[in-house]
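All chains should be modelled from the sequences, with the hints used to inform the complete structure.
In case you want the letters, here they are:
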Amino acid sequence: MKTRITFTLNGAECEAWVFPYETALDVLREEFGAGEVRYGCGEGVCGTCTVQLDGEVVNGCLLLAVRLDGRDVRTVRGLRSLPSAPAGEPGSELHPLQESFLRNGAAQCGFCTPGMLLAAEELLREEPRPDRDTIRGRLAGNLCRCTGYTKILDAIEAYAGERAES
Amino acid sequence: MVMAPFDYVRADSFADAVRLLAEHGEEAKLLAGGQSLLPMLNLRLARPSVLIDISAAAAEEITLDGDRLRVPALTRHRDLAASPLVRRVCPMLSEAAGLIGNPRVRNLGTIGGSLAHADPAAELPAVMLALSAEIEATGPDGTRRIPAADFFTSYFTTVLDELEVVTAVHLPVPGARTAGTFTELTRRAGDFAVAGVAAVLTLDPDGTVGGATLALCGMAERPVRAEAAERALLGAPATPATYATAARAAVEGLDPPDDVQASGAYRVRVAEVLTRRALTTAAAQAERGAARAGNEGETR
Numbered sequence: 001m002k003t004r005i006t007f008t009l010n011g012a013e014c015e016a017w018v019f020p021y022e023t024a025l026d027v028l029r030e031e032f033g034a035g036e037v038r039y040g041c042g043e044g045v046c047g048t049c050t051v052q053l054d055g056e057v058v059n060g061c062l063l064l065a066v067r068l069d070g071r072d073v074r075t076v077r078g079l080r081s082l083p084s085a086p087a088g089e090p091g092s093e094l095h096p097l098q099e100s101f102l103r104n105g106a107a108q109c110g111f112c113t114p115g116m117l118l119a120a121e122e123l124l125r126e127e128p129r130p131d132r133d134t135i136r137g138r139l140a141g142n143l144c145r146c147t148g149y150t151k152i153l154d155a156i157e158a159y160a161g162e163r164a165e166s
Numbered sequence: 001m002v003m004a005p006f007d008y009v010r011a012d013s014f015a016d017a018v019r020l021l022a023e024h025g026e027e028a029k030l031l032a033g034g035q036s037l038l039p040m041l042n043l044r045l046a047r048p049s050v051l052i053d054i055s056a057a058a059a060e061e062i063t064l065d066g067d068r069l070r071v072p073a074l075t076r077h078r079d080l081a082a083s084p085l086v087r088r089v090c091p092m093l094s095e096a097a098g099l100i101g102n103p104r105v106r107n108l109g110t111i112g113g114s115l116a117h118a119d120p121a122a123e124l125p126a127v128m129l130a131l132s133a134e135i136e137a138t139g140p141d142g143t144r145r146i147p148a149a150d151f152f153t154s155y156f157t158t159v160l161d162e163l164e165v166v167t168a169v170h171l172p173v174p175g176a177r178t179a180g181t182f183t184e185l186t187r188r189a190g191d192f193a194v195a196g197v198a199a200v201l202t203l204d205p206d207g208t209v210g211g212a213t214l215a216l217c218g219m220a221e222r223p224v225r226a227e228a229a230e231r232a233l234l235g236a237p238a239t240p241a242t243y244a245t246a247a248r249a250a251v252e253g254l255d256p257p258d259d260v261q262a263s264g265a266y267r268v269r270v271a272e273v274l275t276r277r278a279l280t281t282a283a284a285q286a287e288r289g290a291a292r293a294g295n296e297g298e299t300r
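Each protein sequence line maps, in turn, to chains A and B.
With the first letter of the first sequence counted as 1, position 115 gets the number 115 in the working numbering; the numbers rise by one all the way through.
With the first letter of the second sequence counted as 1, position 106 gets the number 106 in the working numbering; the numbers rise by one all the way through.
Just so you know, the hints here were simulated from the structure itself, not pulled from any lab data.
Nothing here was measured: the structure is a model prediction, and the numbers come from that model.
Careful, some of the hints might be misleading.
What the hints assert, rightly or not - Only some residues are given here: those of chain A computed to face chain B with a beta carbon under 8 Å:
hint: 1; residue: VAL45
hint: 2; residue: VAL57
hint: 3; residue: VAL58
hint: 4; residue: CYS61
hint: 5; residue: VAL66
hint: 6; residue: ALA119
hint: 7; residue: ALA140
All C-beta atoms in this analysis are idealised placements derived from N, C-alpha and C, irrespective of residue type, glycine included.
Shown next, in the form of structure tokens:
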């Protein structure tokens, strides 16, 4: 039996009818075309299905879709429109953290990038100038198979630094 | 879609959850944070016919009553790790909670879920043993408290009755001369531990060990108390030699499994080293605690 749920997705009001055994990952991808939320492991260890639920990162694959009801859901597409997002570069559709990823070569194949960005954004909201070990700790559950993480850490650190100076 | 179909009901309270368990029988499964259950559903290792969602069954805070800490079952690992109260009165609990899985898991996973799931490699069950916690469970016949030492029986198995729900954890707050720590080794951050050690140590004013409780995870079919190590510590001088002897005693007779994380022999070696380190850390913290308590005593 399907259940009706309502939630906000990247600021927009949404409604869906979901089976109890569907995950948030299933529904966001299949009903809402959120291809940026990705199926990696299905066990919560890789981080490619990361979404922010009321501002906190969770595994889309380990969350039943029925539990989205009444919640605020944010994917990487909604980073730019976050109320807390800084102005960013004129004309850019990207959050400045995303710009920093581009500038620092932090995305290669890009499969892990949305999860990395969402995890980093949550961290920077809590701690504006985290040291490298703190960033490492927070991203420890987001796996990247291309970059070796160095560029990702660089990008986050660079953005935090620039933001503090401006 | 990967999961086998199931029905879903929400419990408004723990009493409601008990009623729903009775109604749906043994094919029902409780869902709290879901961070252990959902992987099992995704892999079809579990195929319940009904999920009873207890995540909104109660909204309670962690409370301190005298020297007893009560942690509600639905407390998330994130909140346990960050709680100023827990960090002050029982820091090892926060420390251990902060090591569970990854931030995404800690944002949903709960202490009650972790204990009821009873993974032998998990952090919190070992911490419960070392802290002599009691696990509060509610069933059709009311509420009871189960000592952690009796709670875990085997792989993913506890003494909980089929109709019981974990509702809270009660912990005695360690005194000033007592300190505890949790330490583990994982192959990668977020993996289940190769081995982990929860150690609680009391230092007497004469420089001897006045009390010790140790528990290991990842070493057997359930978290185990290291009683031989505790005996080796009790009354012995608080020195590195004592900790080394106790660490050897802690792993004696253990025959942990070989699995994808590590061989049994490696686990034994790691557990010994971790035990020695945990004892050293706990002793240093207990000394600082005792010094603080002493200073406060003098200024009073």
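For each hint, the structure was consulted:
| no. | hint | verdict |
| --- | --- | --- |
| 1 | VAL45 | holds, 6 Å |
| 2 | VAL57 | holds, 5 Å |
| 3 | VAL58 | holds, 5 Å |
| 4 | CYS61 | holds, 7 Å |
| 5 | VAL66 | holds, 6 Å |
| 6 | ALA119 | holds, 7 Å |
| 7 | ALA140 | holds, 4 Å |
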